[in-house]
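Let the hints inform the model, and build the full structure from the sequences given.
Residues per chain are reported as follows:
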Amino acid sequence: MPVNAALIGSGNIGTDLMVKALRSAHINPVWMVGIDADSDGLKRAAAAGLKTTDLGVDGLLPHIATDNIQMAFDATSAYVHAENAAKLNAQGVLMIDLTPAAIGPYCVPPVNLAEHVGKQEMNVNMVTCGGQATIPMVAAVSRIQAVDYAEIIATVASKSAGPGTRKNIDEFTRTTAGAVEQIGGAAKGKAIIILNPAEPPLIMRDTIHCLTRETPDEAAITQSVHAMIAEVQKYVPGYRLKNGPVFDGQRVSIFLEVEGLGDYLPNYAGNLDIMTAAALRTGEMFAEQIVDGSLTLQAVSA
Amino acid sequence: MDIKGKSVKLHDMCLRDGMHAKRHQISIEQMVAVATALDGAGVPLIEVTHGDGLGGSSINYGFPMHSDEEYLNAVVPKMKAAGISALLIPGIGTVEHLHMAKDCGVTTIRVATHCTEADVSEQHIAESAKLGLDTVGFLMMAHMVSPEELLEQARLMVAYGSNVIYCTDSAGYMLPDDVSARIGALRAGIDANIEIGFHGHHNMALGIANSLAAIAAGADRIDGSVAGLGAGAGNTPLEILVAVLDRMGVACGVDVFKIMNVAEDIVTPMMDQPIRVDRDSLILGYAGVYSSFLLHAKRAGEKYNVSSSDILVELGRRKTIGGQEDMIEDVALNLRESARAGASQ
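Top to bottom, those sequences are chains A and B.
Read in order, the letters of the first sequence are residues 261 to 562 in my numbering.
Read in order, the letters of the second sequence are residues 820 to 1164 in my numbering.
The hints are all genuine.
Listed next, with one range per pair, are the computed distances between beta-carbon atoms:
| hint | chain 1 | residue 1 | chain 2 | residue 2 | range |
| --- | --- | --- | --- | --- | --- |
| 1 | A | Ala307 | B | Asp1097 | 56 to 64 Å |
| 2 | A | Gly509 | B | Glu889 | 22 to 30 Å |
| 3 | A | Ala559 | B | Glu915 | 31 to 39 Å |
| 4 | A | His486 | B | Glu1121 | 27 to 35 Å |
| 5 | B | Gly1161 | A | Arg403 | 31 to 39 Å |
Worth flagging that the hints you see were computed from the coordinates, not collected in a lab.
For clarity, every value in this text was computed on a predicted model and none was experimentally measured.
Virtual Cβ for every residue (Gly too), placed ideally from N, Cα, C.
Take a look at the structure:
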């Protein structure tokens, strides 16, 4: 029995998430919430049989109880997430936050999804697309040996970065760097994002540099990196190693490409896929818990 | 070309763009010595930051000898008349860095984006303008778009709060007519109270010619670098530009002989390698590749035993833009792989 969910935000991320959620056995997307009646995302949602509103979260609130909405995915922007979360948490709706607002604890599924089990959390944050793509690699190195510093460079096609991402660019670098430390396990983290307008659009590229405290154990790190890539490929099949790991003194560098499934934007937009697939995987884990009774949703007063 | 009677504001780059050519290893003493000498020569505006701007300190771009904060705190109090500017590239630096630079006493913040991505600069330009700083919108790799598209992006930056808009020839690719068309479009399409600037690179040895074209088309600010110390074949050599402007009757307020001395006696002896148009920097200009890639490509070429020129050409083919230094090692590894595959066949 799937859990009913609302998708907040009808932009690139929200729409891609909808396409994936429609395939899910655990999540039933019932509502799509936007602020622009003419948005492509709302039109597609209506065509797919979802209920839609262009009045923002306020347009959804009266229907939470009747439609038994237990989970909401917020793909708006860092600026409006706090308000959305407060309104929905107050009605006992669990929030999966796809903005870099990072009110709740970070979740990067192949690294720490299991840690979110049984915590009764009402808001979890999916970091950023660059974080989802790179933090598993930082963790793959840091689980072998101490990482003093990790730096990630995420390059995405301009066409795949919507207005929310563009307005939130500082939140992207800040939130990603924070999660590189907290979830990736680096003592210090840095994040860089580049939007490249090339035509045809480039497939998302991610570079991860780690500085290990001691001389890197090349064999162990290489094996760990390949194992982690296989984990990510379970939900993002186009997550691929292009080069590396390269070892240069204490530096370990990994060069990745993330190709999407082309659910909404074409295949180049792997940044959408890795975010929406990670969010859906997280949502599905919570949905299973809701269904088996191990997670009881509780209204949180604002 | 008759530009007699015009006046321009010159902005020196050797302590920011020059950081690329120095692998970000300029000492505090050198920073202070150069900035003080430039100030004494009458240069009104001097940029001091990591080559990739505030927050550029990284594996990707290079760790500097000192932090931006240390450089700014050392240089700003020593200035008698010159203002100090800091570069900020959204995606690398953040508004926190901007506040730090403001607290250090910079007069000018230059917010740089790729020429099609101005809308990532809204947070930073708005904040800089709110703080009352001279706020420059700096559109990089401007050869990659038409004058009309550049104007459209410039208008966004003006709307966010910029009081100056730059057409930036990051690859040193533009020919004088390209500059005239872009500066002309900006000047015609933007309110007269907004200044227009041009930042050149000397990869095709057109730094001076392009700067003159910019002035003729209405530019108010011109970037240069004493002795050309900058990425690629360097920036427009400032002492030469000052001498040329003097001969052409353009007022810039910089003393010709004093600036020559700064170039000859202070900056040239600091160079790790001659700043000149060599094969690789000519490729940058010819193929339209970001100038800062030069030394990274040379290093990767040596490390992986592949041609740095081949690396740069491939980066141009991939349509890489400013900031994608991580692709240099990636390309070098691929070139080595194909060389090995070729050798084993």
